[in-house]
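Q: Whenever a hint applies, use it, and build me the whole structure from the sequences.
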Amino acid sequence: MQARLHKLHQLREQSNDPFVVEKFECDYGLQAAHDQFESLEGQTIRVAGRIFSVRNMGKACFIHLMDASGKLQIYLRKDEMGDAYDQIDLWDIGDFLGAQGFLFRTKTGEITLHAQQTQLLSKSVRPIPFPKEKGEQRWYGLHDIEQRYRQRYLDLLTNPDSRQVLIARSRIIAETRRFLEGEGFLEVETPMLQPMAGGAAARPFKTRLNALDMDMQLRISLELYLKRLLVGGIDRVFEIGRVFRNEGISTRHNPEFTLLELYQAYANLEDMMSLVERLFLHVAERVFGTTRFEFGETIIDFSQPWTRLDLVEAVQERTGLTPDQFETLESARKAADSVGLASEKRDSPGIILEKLLEKFVEPTLIQPTFVTGYPLDTSPFAKIIADRPNFTRRFEGYLLGREMSNAFSELNDPLEQRERFERQSELRQLGDEEAHPYDEDFIHSMEYGMPPTGGLGIGMDRMVMLLTGAASIRDVILFPLARNAD
RNA sequence: GAACCGGUAGCUCAGUCGGUAGAGCAACGGACUUUUAAUCCGUAGGUCGAGGGUUCGAGCCCCUCCCGGUUCACCA
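110 is the number of the first residue of the first sequence in this note's numbering; add one for each residue after it.
Take these hints with a grain of salt, some might be off.
[As the list claims (entries may be wrong)] Label pairs and their in silico Cβ distance ranges: (1) I552 with Q140: 49 to 59 Å; (2) D541 with D433: 24 to 34 Å; (3) R497 with I358: 30 to 40 Å.
[Claimed, not checked] Using 25 Å as the maximum straight-line C-alpha spacing, the simulated DSS-like pairs for lysine-lysine come out as follows: (4) K180 with K241; (5) K180 with K232; (6) K443 with K454; (7) K243 with K132; (8) K232 with K216; (9) K180 with K132; (10) K468 with K443; (11) K216 with K180; (12) K464 with K443; (13) K443 with K492; (14) K216 with K168; (15) K232 with K315; (16) K187 with K232; (17) K168 with K132; (18) K116 with K241; (19) K454 with K468; (20) K241 with K168; (21) K492 with K464; (22) K116 with K216; (23) K180 with K243; (24) K116 with K187; (25) K116 with K132; (26) K168 with K187; (27) K454 with K464; (28) K187 with K216; (29) K180 with K168.
Keep in mind the hints are simulated off the structure, nothing from the lab. Positions of the beta carbon are idealized from the N, C-alpha and C atoms, including for glycine.
A: Okay, structure coming up:
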């Protein structure tokens with residue numbers, strides 16, 4: 110770094126300060142110049158990029174430039190550039206260089222810009238750990254996982270795979286929007302700062318609004334404000350937004366993550382299943398050009414319908430426990446114990462059923478599967494199943510053993526919603542920190558009339574993980590949360 | 001929160017039994033007019049995550065702490 114600062118000083122003394130440059134007209138991106146060689150050969154063009162590698166031969170020099178699109182080799186000769194050639198000594202890997210010259214093919218066949226004029230456009234005063242590469246092989250470079258997360262810019266600059274994930278994420282979300290717009294949905298933005306975070310079971314982040322002298326929370330879901338829009342006559346609505354949950358960090362959990370929620374009036378649970386199937390198919394085809402994805406030996410084909418599975422039946426199939434064993438709390442706890450699952454006193458039969466699902470069924474749901482019929486206790490916003498009042502018209506979608514989506518035929522009865530909130534309040538008093546808070550304003554809105562509605566939530570980070578094959582959620586979040594590095 | 005693994009030069013890593021801290025790349029000086037992991041000659045570069053302990057002597061053994069990773073727990 111000392112050497113680089115000294116070079117910058119020398120450049121400034123020669124009135125070649127790269128940091129005064131504001132603009133450099135480029136005719137082509139580096140990849141475009143390379144790809145259009147046939148038509149551009151011999152023409153004078155201007156390109157720019159970051160110096161990726163330098164091979165100085167004394168009186169001739171080869172430099173690879175890199176930009177967002179790709180790389181291009183530059184060829185420089187001392188006999189053509191004269192004294193300006195000595196400037197090369199003041200350039201470093203990582204600097205930005207603009208070059209004007211004509212395209213030709215070297216004797217080893219590489220398309221190269223024979224530069225006649227160059228201009229240093231910016232300087233990197235800190236060395237960049239670019240890898241060495243030959244064809245597809247790479248050596249050295251930045252591998253340290255901690256540094257890749259904390260200094261993501263270096264990761265993006267030096268690891269093409271990271272760049273690919275970033276691009277895939279952007280395109281997956283863009284295609285999700287395009288699909289939903291095509292289905293007639295309107296995209297909205299609702300508050301992140303809320304007096305009372307609701308719509309899911311999770312501990313919120315707490316903060317303070319000085320202007321109104323109010324305690325506030327960061328949202329944990331999008332649900333309750335989007336539903337207010339249903340009351341407001343917006344029949345098809347969605348939001349893709351950041352939510353915050355003050356909970357554990359793992360390969361599948363980041364305290365802030367991106368959630369898609371959508372609501373469709375006059376639609377039910379089966380419509381939501383269809384929507385999930387069509388959304389994954391659309392994104393797979395548009396972003397990756399295929400419906401078939403390989404994960405090790407597993408092949409998932411998004412052109413196939415997802416499997417439907419009833420929660421109680423699935424638990425029975427995996428554990429042998431029968432539905433009648435969950436009629437009372439006592440027998441449910443005994444049943445859980447018999448298959449090695451510890452339960453707590455405040456658990457209800459429904460919560461125990463769901464724990465059994467997580468432990469015994471979820472890991473086996475490799476192919477796309479909708480699990481339906483979730484217990485009432487854990488589903489305060491879903492309609493009940495007519496002839497099974499302890500279960501709801503809800504599904505969760507699973508892929509590769511991971512929860513991917515969550516949907517209901519939405520409860521739209523304000524009287525029952527009020528009772529559900531009351532039940533949650535009781536749970537809260539029993540010590541369940543994640544029981545849903547009582548939201549009077551939400552009930553109030555529902556009392557004006559909410560249409561029958563299908564609602565769906567998808568964790569976008571997990572969707573990106575799945576489609577890009579990322580092992581950790583940190584790989585699909587640009588700047589994942591990290592402890593202070595002091 | 002627990003267990004296990006890791007932290008050594010700018011980067012990637014090695015470091016044997018506890019005995020003078022190493023390599024490649026990058027950097028710096030020199031040679032080289034079609035190279036491409038350029039090559040060749042030379043130079044420099046370190047609080048071995050931090051602190052304490054054992055020892056004649058610690059990168060290595062012991063303790064505490066910090067940071068990261070993985071798995072588990074937690075997270076409908």
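Q: Going through the earlier hints one by one, which of them does the structure break, listed in rising order?
A: 7, 8, 13, 15, 17 and 22
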